[in-house]
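Chemist: If you read the sequences in order, they're chains A and B.
Note that the working numbering has the first sequence beginning at 1, numbered continuously upward.
Note that the working numbering has the second sequence beginning at 1001, numbered continuously upward.
Don't read these hints as lab results, they were simulated from the structure.
A virtual CB, placed ideally from N, CA and C, is assigned to each residue, including glycine.
Errors might be hidden in some of the hints.
Claimed, not checked - Rough simulated footprint, nothing fancy, chain B against chain A, three-plus residues with beta-carbon under 8 Å: (1) 2-8; (2) 37-49.
To be verified - Mimicking DSS-like on lysine-lysine, the simulated pairs with C-alpha atoms at most 30 Å apart in a straight line are: (3) A:Lys74 with B:Lys1171; (4) B:Lys1274 with A:Lys74; (5) A:Lys4 with A:Lys59; (6) B:Lys1171 with B:Lys1301; (7) B:Lys1190 with A:Lys59; (8) B:Lys1100 with B:Lys1350; (9) A:Lys59 with B:Lys1258; (10) B:Lys1139 with A:Lys6; (11) B:Lys1131 with B:Lys1350; (12) A:Lys4 with B:Lys1301; (13) B:Lys1139 with B:Lys1115; (14) A:Lys15 with B:Lys1301; (15) A:Lys15 with A:Lys74; (16) B:Lys1301 with A:Lys2; (17) B:Lys1131 with B:Lys1171; (18) A:Lys74 with B:Lys1285; (19) B:Lys1258 with B:Lys1285; (20) B:Lys1171 with A:Lys59; (21) B:Lys1100 with A:Lys74; (22) B:Lys1301 with A:Lys59; (23) B:Lys1285 with A:Lys59; (24) B:Lys1139 with A:Lys59.
Unchecked claim - Facing chain B, a subset of chain A residues (Cβ under 7 Å, in silico): (25) Ile13; (26) Gly14; (27) Ser33; (28) Leu34; (29) Leu56; (30) Asn60.
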Amino acid sequence: MKDKIKTFLQERIGKEVPLADDDNIFELGLVNSLFALQLVMFLENNFSIEMDNDDLDIKNFSTLNNLESLVLRKLQPQ
Amino acid sequence: MQTSTIADRRAFAAFTSEHIKPYVEVYDREEHLPEELLRNLAAQGYLGATLPEQYGGQGWDQSTYAVLLEEMGKACSSCRSLLTVHLSLVAETILRWGTKEQKAYWLPALARGEKVAAFCLTEAGAGSDAKSLQASYRKVGNQYFITGHKRWTTFGQRADVYLFFAREGDKISAFLVERDRPGLSVQPIKGILGTRATMLGEVRLDNCAIPATHLLGKEGLGFFQIVQTALDNGRFSVALGSLGIARACLEDSVAYVKSRQQFGQYLKAFQLIKQKIANMITDIKAAELLCYNAARMRDEKHPEAVIQTSIAKYHASRTAFQAATEAVQIHGALGCHQELPIQRYFRDAKIMEIIEGSSEIQQVLIADYGITALGTLFE
């Protein structure tokens, strides 16, 4: 799962840009706010989950590790 | 194109031919859309075209909605603008990010046209730089108090509910504000160049109190979550509307060059006229492919739909203005006079290059995206 998310991110921030699992993609200026919309669509589409207001904490989307945690949490039975 | 889509296009075209085209120059001149037209649009289900049936909508996909927007754009850009703000910018954004209660309360009324929605982002000092908006809010108990002044609000004169953006320090948030709230006032704006029947207004909130339940999306994420979603929806709508204008320019120009004679020949015989027609056809065909590609990707919820929508909007709006410029040139003096719709296409097309992110903003978005992620644009 993390590899899939990382591939998606790398293709959009530049494959040559080093990206560690805890790098904050917003603070590092690697993406803009339009990208956040794409990221939500990617996660929903690829992992069959649906984001709602409660998920939309920037922190959830800020690092590779946090993105993986978010998806795992969403995949758990409610 | 699917058989069902062809049938939809015929139905939309039949509607605009009967209910819009005969009156569109009056709408433009009077800078007003009549209530009867709004009732007709609502009766056809167009005001809730993409909303799910459970909320009283038609449940149409984006590809079908695209055809509606194109046909509306062809007939009347002001009518298409109503769909853009009411459905694309506001209702679809409530559908995406509203709470269960907000969806249940707002969407049926919007789908049925019982309430008309408008989008209040732009201010005198905050256009392309929307994040610099100055409207402010503060929370006291279970209420928000909002003060601010928005300009160029499409259908601001007519709306029953406004999606209003305001800030508290660094936090930008989005609120649904009913027209009858004390402290809300609307001043009509007249004299706009194009889309003249969009009933523009200045919307002022003066310490206007709304319940905390009218916050749309998460507090502080109004820009990241709500503005970006709404403008993405709006760009799609404007892209298709632009395509409609461009096609109207082309169809009217083709008809004219077959009927107008100069120097003893029909205009269609002159090579410089053929050049104009060929360029219009080629650019419009490219715009059509970009627009319907974006529609398909939006239906698939493809992550690249966002940037493909920007590309479609940029190209289609530019194409509309170029086509309108050539249509005026082909029609000569007639193209400059209100006797024909050509001058209206020209005025409306210019607006398309400015609204929902100007061409320059689209260029920055597209270039930045391509510089970092070129490969994803050509998969």
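Chemist: Give a verdict on every hint.
Modeler: Taking the hints in turn, this is what the structure says about them:
no.: 1; hint: 2-8; in the structure: violated (count 1)
no.: 2; hint: 37-49; in the structure: holds (count 7)
no.: 3; hint: A:Lys74 with B:Lys1171; in the structure: 26 Å, holds
no.: 4; hint: B:Lys1274 with A:Lys74; in the structure: 58 Å, violated
no.: 5; hint: A:Lys4 with A:Lys59; in the structure: 19 Å, holds
no.: 6; hint: B:Lys1171 with B:Lys1301; in the structure: 29 Å, holds
no.: 7; hint: B:Lys1190 with A:Lys59; in the structure: 45 Å, violated
no.: 8; hint: B:Lys1100 with B:Lys1350; in the structure: 39 Å, violated
no.: 9; hint: A:Lys59 with B:Lys1258; in the structure: 62 Å, violated
no.: 10; hint: B:Lys1139 with A:Lys6; in the structure: 39 Å, violated
no.: 11; hint: B:Lys1131 with B:Lys1350; in the structure: 24 Å, holds
no.: 12; hint: A:Lys4 with B:Lys1301; in the structure: 17 Å, holds
no.: 13; hint: B:Lys1139 with B:Lys1115; in the structure: 26 Å, holds
no.: 14; hint: A:Lys15 with B:Lys1301; in the structure: 24 Å, holds
no.: 15; hint: A:Lys15 with A:Lys74; in the structure: 28 Å, holds
no.: 16; hint: B:Lys1301 with A:Lys2; in the structure: 21 Å, holds
no.: 17; hint: B:Lys1131 with B:Lys1171; in the structure: 10 Å, holds
no.: 18; hint: A:Lys74 with B:Lys1285; in the structure: 42 Å, violated
no.: 19; hint: B:Lys1258 with B:Lys1285; in the structure: 21 Å, holds
no.: 20; hint: B:Lys1171 with A:Lys59; in the structure: 15 Å, holds
no.: 21; hint: B:Lys1100 with A:Lys74; in the structure: 18 Å, holds
no.: 22; hint: B:Lys1301 with A:Lys59; in the structure: 23 Å, holds
no.: 23; hint: B:Lys1285 with A:Lys59; in the structure: 43 Å, violated
no.: 24; hint: B:Lys1139 with A:Lys59; in the structure: 24 Å, holds
no.: 25; hint: Ile13; in the structure: 6 Å, holds
no.: 26; hint: Gly14; in the structure: 5 Å, holds
no.: 27; hint: Ser33; in the structure: 5 Å, holds
no.: 28; hint: Leu34; in the structure: 6 Å, holds
no.: 29; hint: Leu56; in the structure: 5 Å, holds
no.: 30; hint: Asn60; in the structure: 11 Å, violated
In this structure, the hints that do not hold are numbers 1, 4, 7, 8, 9, 10, 18, 23, 30, in rising order.
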